[in-house]
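Asks: Sequence:
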Amino acid sequence: MGEAETAVSMTPAKTDPGTVGATTAAPLPPSPQTRLTVKTLLPADIPRCVDIYLSAFAGNAHSLACFPRENPSVRRWWEDMLREEMTDPEAVFLKVEACLHHPGAAAAADECEKKTRKGDKREDIIAFAKWNRPKAIAEAADEEHDASAAVLLPAWPAGTDARLCEKTFGEWARAHRRLMGSRRRHWYLEMLATDPAHQGRGAGSLLLRHGCERADGDGVEAYLEASPEAVRMYERFGFREVDRHEVYVASGNVKREKVVGNGTRVGVEEDDGEVYVNVYMIRPATERCPEGA
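Residue numbers (full-length UniProt numbering): 1 to 293.
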């Protein structure tokens, strides 16, 4: 896929400079803007994306049980998995880069691109996503004769809860077959994660909009699985819940970093067991992206 690029500038609110006596205040310098740009994800970006995923889902009981953060094999597994999936011609991997620039500075708008080409600003990636293009009807039918048939799952990282991984990821894959059938062409949002330090800035919406607009252009539906916390954002783009899956995650499998009052991380602590909910959502082909979302 050619490089996708969408740029959005975000400017902090201006303050009243005020006056001192009869003297007019000097004009303020141009406010710095945060430029968010959607681009194609590159193999060199993978380590940063793994950082983002592990941080973004650090409070997610299912993710913690399946991919314990203290296990070094988890990071290797994620990097290898993303690297392999990037070779799939049907996969569309995207990233959002953020960069501060001053509108009044010469060539400032190109600063993010220059730094990225130099390869020294990978930390400017604040979110990433994986969309899957619609499969050809004949290919999909060949693969999906039976919605209850066994699904192909990867070998899980050493030392993780393989039983829970098989149970949940297998069920989600079967639900995808059952709900979308073998002849409903659709775009599939398989993965989306935003760095917690940059959540609320619109990066996730940019990645979501990109895939939804591609679905609109193809005149097809879109499908995803969501945690309950993300449902509202997806609903703004026209997704609607069609089913859900619940699984109990035992307390011994959930270990979160313990953070003391000053923000220092001091190891891990076991959490109480909980029921994890995964929501299946479909966006009809007749939907359109909201303005300004």
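No wet-lab data here; the hints were simulated from the structure. It is possible that part of the hints are untrue.
[Stated by the list, open to error] Computed list of lysine to aspartate or glutamate pairs in EDC-like fashion (alpha-carbon distance at most 20 Å, straight line):
{"id": "1", "residue 1": "Lys39", "residue 2": "Asp51"}
{"id": "2", "residue 1": "Lys135", "residue 2": "Asp51"}
{"id": "3", "residue 1": "Lys167", "residue 2": "Asp88"}
{"id": "4", "residue 1": "Lys167", "residue 2": "Glu213"}
{"id": "5", "residue 1": "Lys167", "residue 2": "Glu246"}
{"id": "6", "residue 1": "Lys135", "residue 2": "Glu90"}
{"id": "7", "residue 1": "Lys135", "residue 2": "Glu225"}
{"id": "8", "residue 1": "Lys135", "residue 2": "Glu213"}
{"id": "9", "residue 1": "Lys135", "residue 2": "Asp216"}
{"id": "10", "residue 1": "Lys39", "residue 2": "Glu90"}
{"id": "11", "residue 1": "Lys167", "residue 2": "Asp243"}
{"id": "12", "residue 1": "Lys135", "residue 2": "Glu84"}
{"id": "13", "residue 1": "Lys135", "residue 2": "Glu166"}
{"id": "14", "residue 1": "Lys39", "residue 2": "Glu85"}
{"id": "15", "residue 1": "Lys39", "residue 2": "Glu213"}
{"id": "16", "residue 1": "Lys39", "residue 2": "Glu70"}
{"id": "17", "residue 1": "Lys135", "residue 2": "Glu246"}
{"id": "18", "residue 1": "Lys135", "residue 2": "Glu85"}
{"id": "19", "residue 1": "Lys39", "residue 2": "Glu166"}
{"id": "20", "residue 1": "Lys135", "residue 2": "Glu70"}
[Claimed, not checked] Between beta-carbon pairs, the in silico distance windows are:
{"id": "21", "residue 1": "Arg236", "residue 2": "Ala155", "range": "31 to 41 Å"}
{"id": "22", "residue 1": "Ser55", "residue 2": "Arg184", "range": "16 to 26 Å"}
{"id": "23", "residue 1": "Gly170", "residue 2": "Ser227", "range": "27 to 37 Å"}
In this text, all values refer to a predicted model and were calculated from it rather than measured experimentally. Think of the CB as a built atom: it goes at the ideal place given N, C-alpha and C, for glycine as much as any other residue.
Asks: Is it true that the CA of Lys135 sits at most 20 Å from the CA of Asp216?
Replies: Between Lys135 and Asp216 the Cα gap is close to 16 Å, so the pair holds against 20 Å.
Asks: Holds or violated: are the alpha carbons of Lys135 and Glu70 at most 20 Å from each other?
Replies: violated, 37 Å
Asks: Is it true that the CA of Lys135 sits at most 20 Å from the CA of Glu246?
Replies: Judged against 20 Å, a Cα distance of about 28 Å means the pair is violated.
Asks: Given the hint that Lys135 pairs with Glu166, does the C-alpha gap stay at or below 20 Å?
Replies: violated, 24 Å
Asks: Could you grab the alpha-carbon distance between Lys39 and Glu166 and see if it respects the 20 Å cut-off?
Replies: Violated - the C-alpha atoms of Glu166 and Lys39 are around 33 Å apart, more than 20 Å.
Asks: If I claimed the Cβ atoms of Arg236 and Ala155 lie 31 to 41 Å apart, would that claim hold in this structure?
Replies: holds, 37 Å
Asks: With the threshold set at 20 Å, check whether the alpha-carbon distance from Lys39 to Glu85 stays at or below it.
Replies: holds, 17 Å
Asks: Would you mind confirming whether the straight-line C-alpha gap from Lys167 to Glu213 stays at or under 20 Å?
Replies: violated, 33 Å
Asks: Below or equal to 20 Å on CA atoms is what counts here, so check Lys39 against Glu70.
Replies: Cα-Cα ~31 Å, so violated.
Asks: Just to be careful, I want the Cα atoms of Lys135 and Glu213 compared with a cutoff of 20 Å; is the pair within it?
Replies: holds, 17 Å
Asks: Could one say that the CB atoms of Gly170 and Ser227 fall in the range 27 to 37 Å?
Replies: Check failed, 18 Å falls outside 27 to 37 Å.
Asks: Is Lys135 within 20 Å of Glu84, Cα to Cα?
Replies: Between Lys135 and Glu84 the Cα gap is close to 19 Å, so the pair holds against 20 Å.
The structure fails hints 2, 3, 4, 13, 16, 17, 19, 20, 22, 23 (numbered hints given earlier, in ascending order).
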